[in-house]
Each structure stands twice: as structure tokens, then as C-alpha cells.
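Trainee: For the sequence shown, this note's numbering assigns the number 1 to the initial residue and increments by one for each residue that follows.
These are calculated hints, taken from the structure and not from any lab test. No false leads were mixed into what you were given.
In silico EDC-like links for lysine to aspartate or glutamate, alpha-carbon gap of 20 Å or less: (1) Lys76 <-> Asp147; (2) Lys50 <-> Glu19; (3) Lys130 <-> Asp89; (4) Lys33 <-> Asp78; (5) Lys145 <-> Asp78; (6) Lys159 <-> Asp9; (7) Lys50 <-> Asp203; (8) Lys32 <-> Asp89; (9) Lys92 <-> Glu124; (10) Lys208 <-> Glu196; (11) Lys30 <-> Glu77; (12) Lys33 <-> Glu77; (13) Lys92 <-> Asp81; (14) Lys92 <-> Asp9; (15) Lys145 <-> Glu77; (16) Lys145 <-> Glu65; (17) Lys33 <-> Asp147; (18) Lys84 <-> Glu19; (19) Lys32 <-> Asp78; (20) Lys56 <-> Asp203; (21) Lys153 <-> Glu65; (22) Lys130 <-> Glu100; (23) Lys36 <-> Asp147; (24) Lys30 <-> Glu88; (25) Lys58 <-> Glu19; (26) Lys58 <-> Glu16; (27) Lys130 <-> Asp109; (28) Lys76 <-> Glu124; (29) Lys149 <-> Glu65; (30) Lys145 <-> Asp81; (31) Lys130 <-> Glu93; (32) Lys72 <-> Glu142; (33) Lys92 <-> Asp27; (34) Lys171 <-> Asp132; (35) Lys153 <-> Asp9; (36) Lys58 <-> Asp9; (37) Lys220 <-> Asp203; (38) Lys32 <-> Asp81; (39) Lys153 <-> Glu19; (40) Lys220 <-> Glu93.
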Amino acid sequence: MRIALFDFDGTIYPHETFETLRLHMRDNPKYKKYYKHFVVRFAPSYFGYKLRLVPKLKMQFKALESYVHAFKGMSKEDLEDFFKIVAEDMRKELREEILERIDELRNNDYYTILISGAFTPLLEALFPNKFDHIIGSTVNYENNKVDTKQPFKRVFGTKKIELIRTHFKGKNVDWHNSQAYSDSLSDLSMLNLVGEPVAVYPDNSLTKIAEANNWEIISKNK
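With the hints as constraints, model all of the structure from the sequences given.
Mentor: Pasting the structure below:
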């Protein structure tokens, strides 16, 4: 069994999901009332990041956690409607060459997984039939409303490896002939999990590693 693993932000989608969500929350008349709650909670981490006092991964975690808290008490239906609106806008900017690669791999019997720190219902709204499996960050509900009592857990870094291995437990995966796609050094553990890693529009740190190891690089300059 050959698999293909795909990151989302910076890989399939060229922007930061948390920023796209922020703009939609701010500008949508139905959802803008939640925006001030998001800003109050997220602002310290954001400005700390801009001042290089807060690491990027911590800032991204705080952004997604702040969305959950801003939407506290919202019905599951309303939140999923919001994600559908955002997905419709994001769909226009997805990288076509990566979408074509996904289709090509599925046609060649690769089992495809999208694994991302973005919210699972947003990813499912974006890709209802594109992947064999989607792993994202979970929104917790209680009585069909967004619940903040349960701690928010974002999928990133080594957590991705844990979830991937759990999903394939007991399966005969041909890791050596499998592929993984990402733009960031933060996904190095996922890229090293397979025999055919692919750097997609990589950051400078990942570019150096990809070039040193003769990995495939997908970018506008290649």
C-alpha cells in the first residue's frame, strides 16, 4: 500500500488559513459580532509574533484556539455554514498543479491523506471527495454548540506523525515508495517518514534540505 501525505497551508493553499478566517469573520455581517472576541484573545500573541517574541507555531495555535473561543456557544450548523462560505472563497486560490498531482496519485492507487492544523470541518467543506482521508484540528461541541471546556488540540509537527501512524496501524504501508508534500521545515518529520518527499514552494530552510537530499521541488522557479 503506497500513500501520499499532503500538508495544506503553503502547500495546497498559498496563504495562512487563520488569516483568511480572520478576514471573513471581520467582513461577514452575520459573523462579524464574533470578531472582537477573537481580537481580544489573539492580539497579544499576534503582536508578540510580530516583535519576534512568540514563535510562529505558538502564534498559529493561539489563532485557531482564539477562533474556537470567539465562536463559543455558536450552533454546529452555523459554524459549518461559516466554513462553507470560507471554503468557497479559498477554493479559487488552491494550487492547481498540486490538485492535479493528487488526482494523478489517486489514479495510480495511492491512498491520499490531507493532514493539517486547519479545522477539520473547513477542510471537509473544501474537499468533499478529493482525499481518501482528512485529518485536521477538531472543533468540540456540547449539545450541538461550540464548546470551550474541552482543550483545543491543534494538529502540527510530530503530532501529525502520531496520527498518521495511528491511522495506518495494522496496515502494510510501503513507506519507501510513498510520498509526502509540504512547504515548511516544521513538517520535516512527516517528509522523512516516506521515501519520496516533495518540497512544495518551500521556505528557505526546507529548500536547503531538499536540494541537499535531491528531493523533488515544486515551485514557480522549478
